Structure formats: structure tokens, C-alpha cells
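*Asks:* Residue numbers (the working numbering), protein chains in the order written: chain A, -1 to 296; chain B, 122 to 501; chain C, -17 to 217.
If you are wondering where the hints come from, they were derived from the structure by calculation, not from laboratory data.
You may find that some hints are simply not true.
Claimed, not checked - With a cut-off of at most 30 Å between alpha-carbon atoms, the simulated DSSO-like pairs for lysine-lysine come out as follows:
| hint | chain 1 | residue 1 | chain 2 | residue 2 |
| --- | --- | --- | --- | --- |
| 1 | B | K476 | B | K375 |
| 2 | A | K119 | B | K375 |
| 3 | C | K107 | C | K72 |
| 4 | A | K213 | B | K366 |
| 5 | A | K161 | C | K54 |
| 6 | B | K250 | B | K375 |
| 7 | A | K119 | B | K366 |
All of these numbers come straight from a predicted model, not from anything done at the bench.
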Amino acid sequence: MDTLYVLSQLVNGLKLGSVYAMVAIGYSIVYGILRLINFAHGDIMTVAVYTILSLVTIFGLPLWMSIGASVVMAVVVGLIAERTAYRPLRAAGEETTLVSSLAVSIFLQNLMMMIFSPQRKAFHLPENLTFLHNFNGIRLSTMNIITFIAVIVILVILTFVIKRTRVGMAMRACSDNMDASRLMGININHVVVIAFIIGSSLAALSGLMLAGEYKTIDPMMGFVPGLKAFCAAVLGGIGSLGGAVLGGFVLGVAEMLFAGLMPTEITPYRDAFVFVVLILVLMVRPNGILGSREGGRS
Amino acid sequence: MRLRDNHLFRLIIFVILPLIGLIVTSMNSGSYYSGLVHLFGINIILVASLNLVNGYSGMFSMGHAAFMAIGAYASAMLTLTADQKVFLMPALPDWLMHLTLPFPVTLLVAGVLASVTALLIGFPVLRFKGHYLSVATIGLIVIVRAVLDNEDQITNGARGVTGLPDYASTGIIFSVAILCLFVLYRLIHSSYGRGLIAMRDDWTAAQTLGVNLTTKKLSAFLISAFMAGMAGGLWGHMQSVISGKFFYIDTSFKIVETSIIGGMFSLSGAIVGSALMTFIPELLAPLETGITLFGVQLPELYGASNMILAAALILIIIFRRQGIMGYSEIITDSLFSRETYLSLFRPDQYSSLAKAIVTLPVRSWQSLKARWVGQKHKSL
Amino acid sequence: MLEVTDLRVKYDTIRVIHGVSLNVREGELVALIGANGAGKSTILKTLSGLLKPESGEILFNGQPIGGLACHKIVQQGIVQVPEGRQIFSKMTIKENLRLGAFLEVSRKRWEQNLERVFTLFPILKERYHQVAGTMSGGEQQMLAIGRALLSNPRLLLLDEPSMGLSPLMTEQVFDVLRTLKQEGITMLLVEQNAYDALEISDRTYILETGTITLEGDSRRLINDPGVKQAYLGGV
Chain A
-1 MDTLYVLSQL VNGLKLGSVY AMVAIGYSIV YGILRLINFA HGDIMTVAVY
49 TILSLVTIFG LPLWMSIGAS VVMAVVVGLI AERTAYRPLR AAGEETTLVS
99 SLAVSIFLQN LMMMIFSPQR KAFHLPENLT FLHNFNGIRL STMNIITFIA
149 VIVILVILTF VIKRTRVGMA MRACSDNMDA SRLMGININH VVVIAFIIGS
199 SLAALSGLML AGEYKTIDPM MGFVPGLKAF CAAVLGGIGS LGGAVLGGFV
249 LGVAEMLFAG LMPTEITPYR DAFVFVVLIL VLMVRPNGIL GSREGGRS
Chain B
122 MRLRDNHLFR LIIFVILPLI GLIVTSMNSG SYYSGLVHLF GINIILVASL
172 NLVNGYSGMF SMGHAAFMAI GAYASAMLTL TADQKVFLMP ALPDWLMHLT
222 LPFPVTLLVA GVLASVTALL IGFPVLRFKG HYLSVATIGL IVIVRAVLDN
272 EDQITNGARG VTGLPDYAST GIIFSVAILC LFVLYRLIHS SYGRGLIAMR
322 DDWTAAQTLG VNLTTKKLSA FLISAFMAGM AGGLWGHMQS VISGKFFYID
372 TSFKIVETSI IGGMFSLSGA IVGSALMTFI PELLAPLETG ITLFGVQLPE
422 LYGASNMILA AALILIIIFR RQGIMGYSEI ITDSLFSRET YLSLFRPDQY
472 SSLAKAIVTL PVRSWQSLKA RWVGQKHKSL
Chain C
-17 MLEVTDLRVK YDTIRVIHGV SLNVREGELV ALIGANGAGK STILKTLSGL
33 LKPESGEILF NGQPIGGLAC HKIVQQGIVQ VPEGRQIFSK MTIKENLRLG
83 AFLEVSRKRW EQNLERVFTL FPILKERYHQ VAGTMSGGEQ QMLAIGRALL
133 SNPRLLLLDE PSMGLSPLMT EQVFDVLRTL KQEGITMLLV EQNAYDALEI
183 SDRTYILETG TITLEGDSRR LINDPGVKQA YLGGV
């Protein structure tokens, strides 16, 4: 097997991984505070993508404006879900909120179907974004490069916010001990809302990246990538941002290497492979690669 | 005396009327409504068996669709004729190719294979805490689906297997359902079941009482998977077509949804939940094709019924987390108690039933009044 | 300063506090003692806003605060040292103390309050950058009290500060409370350790299954034969 092929699979893995990483950060931020596996996260990506598509094709808005609007839309949907389906269940067990988030997910999928029909639709980014750069035989679009850089920048910014700012400290406190945080005078509803705003905005951006990569969109498109991004977050150590990004890249690369290097009979098992990896990781290192043990360092 | 405490009343409501319903259904087999009733029966098996795991042993599995799939495919392999199998499953070994078994036996095999799958996945996965277990069982569904879609020499791939013989009669579906309910009922009321419940309520305490948690968890998971496998077999023969997409995450979620709405801590809840979730979507179905409501022509609302059910589920878990039936076992208690059936021969039951019916209007008025006065008092 | 009238509190559907009335005056140390499950912690949690009262009135400096959100109550200066310490175990001592001074009012006096906490608990200065979860139970209790002091309390609610501590540590904690009392901090102390609580406090309420059965001057109660019989080992 020639090195260029392996290398290009690696790069493809990083491409896929940066999308997973972006979704996984959003998952992780919300999970870290509420211990909630927000299955609807993937569907918020779908909502954002449909928002962009409608604004561009129906209202002829420029792309950058539509992206802005899609972020706003994603945040609104995320906050409505938080207020109606998660906040009333805050005292309930984690399985209960899991079911609630699945219900929100199904609700959103069907809402999208109702409004936009279940059919696939084409989704094209402008040519300056899809232009392929050729680096010694390895091809990358402008969008891929932007995505990769965006993930790193977002990671750095969010890490700074969480480690150094007052809001970030409140978020870490809530993640550590919810009741004690309330006794410190922290308004935990604010903290949760901020987490959902960050998570949903990232979902909107990752939706755009995913759709740009697939070139078609449908109402169910967000669910499985969302689920895989959750696996990525667990893989890296859920609740830790660096872990989410690392998990995203590891999973993306592993998946592409699996798809590219394994015999063709087993390559269709890509999705299954992701979950096998998840189960293995949970068996061997239940807290993920970067995850801390209870009571250990942050 | 309250009406529902009367054994004869229970006999009529929970045994005789349903029996009449089933007899009517079996005489009209093949009609649209008998299909729904059959689905109701299969849902009871699925949900009741899921309740053993999710309600009584405190784990939270979402993997039932995977076990259904195993059961359905196993039962297809054992009931199709060699001619069909050569065409649909060419890679089957010779002995399997020519093997056809009577339907009840294939159902048992379907259950056993589902249990074996549960054993394989259960060993690593049942140790996971809380919602990680749920996610891992979703992973199981994805893995099983990948196998079904890709091993096309055995499963005919994504096209699925067609032409399953129509063996799923009213009689066999409900015999299996009642049998499963009975087994689960006895299990839950045995020392085994008390151990499970102890484990659910207090992990550490159960351990110190000498409950072997690993065996308990695994065995409950296996029994549950066994029943789900049989239900999958029945489902396949009812639909006559099976393929991976019928046994995916949405199917599993429907079962979990039904279990929660009916009440996952109760077998009676499985019956009530299954009834609601089988028949209500049929009432909502017209929404999806466009109906006229109060003179307004609604457009086709594709996905409306799933949306309404998802919203209903959220409301239930917020306002009545224990589900409709809560912890009540009135239906199974009546079904499986000797008292119920003996009441036919006890004259006092007839007289007390008559009295209860005659005084019903007065009593309901009194209780309404009491409640209203109570409310008023509370608001003061 | 704090005036509670006919307070009732429910946990889910079960009422655990059946009409409790109590008050704490400025500068006082009031103890609330009673057996396990009497509802002492429930009362404190309701005062700090972690639980919502079913009915009754809670006045703080004449203002009703019953049912307000936790952060609003902390803002008014009611600060709780929770049962079982509840420190932020994955964060450092410094961050724990910083969180104590999370609100605007207390952030302004950070320097000065920190100085005071360091004098009370020199150990916190020594371990300033260490992760809180690695400290011993007694040290964690010191941290929890220090953290509460950084919130600038006008009324300090202490929920079983001696729970799970060695006799030596317990004594140290009570010494700290004595110092705080001398500094004029108003406190409501919940304890199972009846003798120490009676000894340190000005007044005491005795709680039994959700109702107050006895109240009065601590010095008088400590010599009351009935109290001796029930709470002090019948000496």
C-alpha cells in the first residue's frame, strides 16, 4: 500500500475528526454541567442547516448572514428544549433526561420532515469554499482548512473562558458540585443557559461543516453524526474540552483508516466499528483518554 | 365497596371482555383491525420484558430492537422453505438450508439466540453505569443493523427477507404474551424478583444482603432478551417482510417510550402502555395524509404523529414520572389470581357487584364532592 | 434578624416540617438540635433556598425570603456551610475560596476577608494551590467554613459541622465557632452533637420529627433534667 494513500486517508480522518470534534465540544460542555447526554444536539445541527438552506434559496440572503441566522436559530431551539424538556427534570435521574432528550430529538426530526419533507435536498457551498487545494497529491478544500482551524481556535478560546473567567469558574463549579454552587450564590440557570448557548452555536457551525462535506441534507442527517460525536467525547474523556477534541480526531482518523485500509468486505461496518470502539474504551478506561478519576485533578 | 375490588368485576373486565375481543379478532384474521390487535399483543411482550430490565432491575437498556431483529431473522431461517432460502440466504450451511421447524419451536430458538446475543454483549456492557449502559445498548442496535445490512449472503442485505409464512395467529401471539406475562409476574413476585428490586433501590445494601449483582443483572437481561427475540419472531411472521431498518433505534425508542408511558415499574403498565401506543398512532395517522378539521383542510403533516407522541412522552416524564399505572398491578393481579376465576361460583360476589353498580352514581358523586371540597380547603 | 413563622416543608409528597417557628437575633448563636431525621437539615436547606417551603413565612431583616432562588438569598447575606462539607473537590483551595467570594458584594472585600480566613485557618494558606479533594475531612470542614466567610455572611447557617470528624477536630471546629461568635457573627447551628451545641450557643431549639418541642436559654436547657435524659446521655 503506498504511503500517499495512507497519508491521504489520515488527512481525511482529520477532516472528519474536526467535524466530530466540533460537535463533541458542544456535547461535552452541556454534559459536563448537567450530566445530560443531549441526543437532540445532532438534530439542532439539522435545524441550523435547514435554516441556512431556506434563507439562501428562498430569501436569497448572503451565506454569511444565513450562517449568523442559523446560529441564532440553533440557540433558540436549544434554549426552548432546555426550558421545556430538561429544566423540569433537573432533579431526576440521568436515564430520565436521556429519554427526554431522545424525545426532543425525535420531535425535531419529525418537525423538519413536516416542514421540509423527508426528501434529501442538495446543499452546495459557494465555490470559493469548496475549492480544492492540492498539497503534493493530498486534496483539501478551503472549507476543510477553515474547519480545522476553527476547531483549534474554539478550543483555545473556550479553554481560556473556562479556566480564566468568572463565568468559566462558575461552569466548573456547577460541574463539580451543583448544590454547593447554588450556595455560593451562582445562578445555575444562567450557567446552564450559557452552556446551551455555546453548545447550540457550535452545533450550528458543525452542521454547516457536515452539510458542506455531504453536499446533501435530510431531516435525519444529524442523528448518527451526533451519536458518533458523543462516542468521540466519551472516548476523549467527557466533560473535558481537550478530551472532546482529541476524541473527535482519534475517532475520525480511526474511522477513515478503517474505511480505507480494511478489506472491502468489512468497510461497510464503519458505524458499527465506532460503537465497538466506544464499548471497548468504556470497558478499559471508563473515564476516557483524558478523563479524570473521581476526586482527581481537573 | 369499590367496584374494582370486586373479583367478579375484574373477571369480566380483564378476562372475559378481552377474551371476547380476541375471539372476534381471530375470526376476522387478515383484516386491518386484527393486524392492530396482533401488534398490541406483540408490544405487550416487548414492553413487559423490557420492564423487567428497566423497571425492576434499575438498568436502562435501549437495545430491544436488536434482540427483536435476531429473533425475527432466526425464525425466518427456520421457517422458510429450502427454495426460498436458496434465493434469499444462499450462504447458509447445508443443514440449515433444509431445516424447517414447527413455529413454536422456532420461536424458542429465536429466543435462545437473542439470549445468546444478550450474553455476549451483556458481559462487557452491564458493568457500565447509568446512561452509559443505555448508549452501549444503542450501539448494539447499530452493530446488529450493520451485520444485517452487509452480510447479504445470509440476510439478503438491506433488501431484507420476504415471504415469511403467516404463522402469527391471534392464538399464538396472545398465548405467548400471556405466558410471558405469567412468567414475569411469578419472577417478580419470587425471591429472585425481590432481589432485583432490592438491587434497583439500593445497590450497596443489596450487595451486603448477599444479592449476587452480576448474575442478577445478567439473568434479567437474558430473560428479557429471550422474550424480545420471540416477539421479533412473531413480528416477522405477522409482517411477512423483515429488514434491518425495521429494527433500528426508532423501533427501540418506541418500546422504551411505551414502557415509560404505561409505567415501567408495572407489568400492567406494559399492557396499558401497549394498548395506548398501538391504537393512538392509528388515530393520529390521518394527520399525516391531510384531514379536514372543523371545516379547515389541513395539509399533509408528515411526521405529526411521532411529534405528538414525543411531546406526550416529555409531558409524562415531567408530570407523572412513574407512568400511567405507577406501581399498580391490578390487571396482572386479576389475571393470575385464583380468586378472580373462582368468583364465578361465588354468589356473594354477584350480590356485591350488583350493590357496587347500583351505588356507583352516589359514591362517585360523594368522592367528587369530597375532592372538590378538599381542593377548596387547600386553596384557602 | 431572622424570623421564621409556621414553616411547613414537603419532600416530594411527604411533609417533614410541620409548622416550625424560630428566630435568630443579631449577634446571637442559636443552636437547633435533634435526632437524626428530625428535619434539622431540611430547615436549613429551606432557609438557604435549596428547598422551597410549602407554607409559612421566612423574614430576613423584615424582608420575606421564603421560596426565593438560592442565589438571591446568598445575595442578602445568608450563607450556608452545608452538611458533609460539599467542597469543590476537583478544584484548588484558591478556587474554592474564590467561589465563596463569587458575588459582587463579597468580591469587593476579597483581600480583607481572605486575610481573616488565613488567620483563622493557617492550613488553607499552606495548601492554597492544592486540589481540595486531597485534604482530610477536618481540613475540608475548615475550607467549607472559610469559603462561607468569604461570602461576607450576615447570617451563617452551619449544618452539622462536626459530622464525621475526630473528637480533636470537632473541638477545633467549635473553637473556630467561638472565635466567630466573639467577632459578632450571627449564626444558626444545626447539630446532633447536643452537648457541644448547647454549651456554645446562646439559645437552643429542640426539634423532634418536624416540630419544635422545646426552646430556651442554652444554659438553662443544659441543666434541664428532661433534656439531659433525652440528649445528653442522661447524666
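*Asks:* Each hint should be assessed against the structure and marked as holding or not.
*Replies:* Against the structure, the hints come out as follows:
1. B:K476 / B:K375: Violated, at roughly 42 Å.
2. A:K119 / B:K375: holds, 27 Å
3. C:K107 / C:K72: The given pair, whose Cα atoms are some 18 Å apart, holds under the 30 Å limit.
4. A:K213 / B:K366: Status holds; Cα separation ~24 Å.
5. A:K161 / C:K54: holds, 25 Å
6. B:K250 / B:K375: Between K250 (chain B) and K375 (chain B) the Cα gap is close to 23 Å, so the pair holds against 30 Å.
7. A:K119 / B:K366: The given pair, whose Cα atoms are some 21 Å apart, holds under the 30 Å limit.
This entry does not satisfy hint 1, going by the numbered hints stated previously; all others are met.
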